[in-house]
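Assemble chain B onto chain A, guided by the hints.
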Amino acid sequence: MKYKSVFDIIGPIMIGPSSSHTAGAARIGRVARSLFGRKPKYATISFYGSFAKTYRGHGTDVAIVGGILDYDTFDTRIVDALTIAKQEGIEVKMTAEDAITDHPNTARVIIGDETDRIEVVGISIGGGKIEITELNGFELRLSGNHPALLIVHNDKYGAIAGVANILAKHEINIGHMEVSRKEKGKEALMVIEIDQNADEIIINELNSLPIVQQVVKIHD
Amino acid sequence: MFRNVAELIELAESKNCKISEIMIQQEMDVTGRSREEVLGFMDRNLRVMEEAVMRGITEDVKSHSGLTGGDGKLLQTYIKSGKSLSGELMLDAVSKAMATNEVNAAMGTICATPTAGSAGVVPGTLFALKEKLNPTREQMIEYLFAAGAFGFVVANNASISGAAGGCQAEVGSATGMAAAAIVELAGGSPSQSAEAMAIALKNMLGLVCDPVAGLVEVPCVKRNAMGASNAIVAADMALAGIVSRIPCDEVIDAMYKIGLTMPSALRETALGGLAATPTGRELEAKIFGIPLNEK
Chain A
1 MKYKSVFDII
11 GPIMIGPSSS
21 HTAGAARIGR
31 VARSLFGRKP
41 KYATISFYGS
51 FAKTYRGHGT
61 DVAIVGGILD
71 YDTFDTRIVD
81 ALTIAKQEGI
91 EVKMTAEDAI
101 TDHPNTARVI
111 IGDETDRIEV
121 VGISIGGGKI
131 EITELNGFEL
141 RLSGNHPALL
151 IVHNDKYGAI
161 AGVANILAKH
171 EINIGHMEVS
181 RKEKGKEALM
191 VIEIDQNADE
201 IIINELNSLP
211 IVQQVVKIHD
Chain B
1 MFRNVAELIE
11 LAESKNCKIS
21 EIMIQQEMDV
31 TGRSREEVLG
41 FMDRNLRVME
51 EAVMRGITED
61 VKSHSGLTGG
71 DGKLLQTYIK
81 SGKSLSGELM
91 LDAVSKAMAT
101 NEVNAAMGTI
111 CATPTAGSAG
121 VVPGTLFALK
131 EKLNPTREQM
141 IEYLFAAGAF
151 GFVVANNASI
161 SGAAGGCQAE
171 VGSATGMAAA
181 AIVELAGGSP
191 SQSAEAMAIA
201 LKNMLGLVCD
211 PVAGLVEVPC
221 VKRNAMGASN
231 AIVAADMALA
241 GIVSRIPCDE
251 VIDAMYKIGL
261 TMPSALRETA
271 LGGLAATPTG
281 RELEAKIFGI
291 PLNEK
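Residue numbers (the numbering used here), protein chains in the order written: chain A, 1 to 220; chain B, 1 to 295.
For reference, chain A alone in the conformation it holds in the complex (with noise of 0.2 Å):
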């Protein structure tokens, strides 16, 4: 079931006008905000489906860079995103694409700095909730309404159990699990959905597995 909570339906408070396409977009704007850790010096966002045909009228633009300077779907402050987002020197470029895509509210969102850069497309699939559905070129699901790992690594056998035992000695308990590869032997991506928040030590912890590359934690 996608939906699985009663503030699914009777939520969230947001600022109007629509929840696919301004709350959900915040929402989606600050997964990538979250995945990427601070704040970012250029954000390229393409459109898709129906944000692309609609996105000025639902304020789709200011929410999801309302999302990327980090604010909740009812913060005020997202009616003056795109002015905010100038101010602090971040470069927003966005386009409506004419592309096909599985769901018809789709935004491909690649923000990054002089160190780093990530792409994540997410989808709005209604009333405010949003999926994951791509990381740096990996397929994923990610509701975003659980706390959760991302974990890019090796993918070599003893990657999991290695995670698994760390989660497990801190009595973290996993709720959903996906593991995914580009290629065999490369990299890899495991998505942890967690029941608790994963505190600093834990994260260290991973981070200090041989095997394990990059970790970022999403909160609840």
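Rather than coming from a laboratory, the hints here were simulated on the basis of the structure. The beta carbon of each residue, even a glycine, is placed where N, CA and C say it ideally should be. You may find that some hints are simply not true.
Stretches of chain B that chain A covers, calculated by requiring three or more beta carbons in the stretch to come under 8 Å of a beta carbon on chain A [said to hold, decoys possible]:
# : segment
1 : 41-50
2 : 82-96
3 : 222-235
4 : 244-258
If you want the ones that stay clear, here's a sample from chain A, every Cβ over 10 Å from chain B, calculated [unchecked claim]:
#  : residue
5  : M1
6  : K4
7  : I15
8  : K39
9  : K53
10 : T76
11 : N165
12 : I166
13 : I211
Okay, now just chain B, sitting in the frame of chain A:
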């Protein structure tokens, strides 16, 4: 976890409790949160709804495009004149539903129920019924859980997205949710709530999502108005003992299948329906400053 309306009703009947109670308990189970926390979250949503309604019926709200705003207030003045034909309660609900959506269109703060474009129906009916039934704060919170329970089924078994299923998935769902919640607040049974939802949603089937200029304004605000009135009538019918010949779950499934066959031009792309009328196009060109021949 209940998966459809039939299971929801069976749970409520076997435990001899309200639908809202089933939803509250499921929320506690799924999230591990206490009853107090869950009710507290909903209380906060209720507060946002109330503020949006009050703002919409007292202030001069206007959207950036200038297409909408002020109709909720206009209707309040008309109600006070005592000349209304469809009755005070009905028009009050309609006014408060529009007020919420006018605030939404003006990029004000609202609570999506189940979406922003359909955010007027549930609070509009609730704050109108408040005048007649004098519910406690707790009963008002329960109203939202009851509406949420039905919305939960629709969201999981069909859709609540206009881009995916048309307006029937948004205002249609909201109307069904409100009808079911009205029945519970008025003292009806869980199965009467399901009948009300079925009756209400049946009359929203096929409704397309065709916003002028792609804005959640025209015809969204007035569709929320009609959704609110539809919900009250459907609730009254169910409370009178009228049943839907097609069971609620099958109506929801029909809505889903209609959505699947709906052309993309009628699913929130501003390419068809009212958006493609000469006036709709003219308004779009004016708002975005694009010459008409390039549309």
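Evaluation of the provided hints:
no.: 1; hint: 41-50; verdict: holds (count 5)
no.: 2; hint: 82-96; verdict: violated (count 0)
no.: 3; hint: 222-235; verdict: violated (count 0)
no.: 4; hint: 244-258; verdict: violated (count 0)
no.: 5; hint: M1; verdict: violated (5 Å)
no.: 6; hint: K4; verdict: violated (6 Å)
no.: 7; hint: I15; verdict: violated (6 Å)
no.: 8; hint: K39; verdict: holds (24 Å)
no.: 9; hint: K53; verdict: violated (4 Å)
no.: 10; hint: T76; verdict: violated (7 Å)
no.: 11; hint: N165; verdict: holds (24 Å)
no.: 12; hint: I166; verdict: holds (23 Å)
no.: 13; hint: I211; verdict: holds (32 Å)
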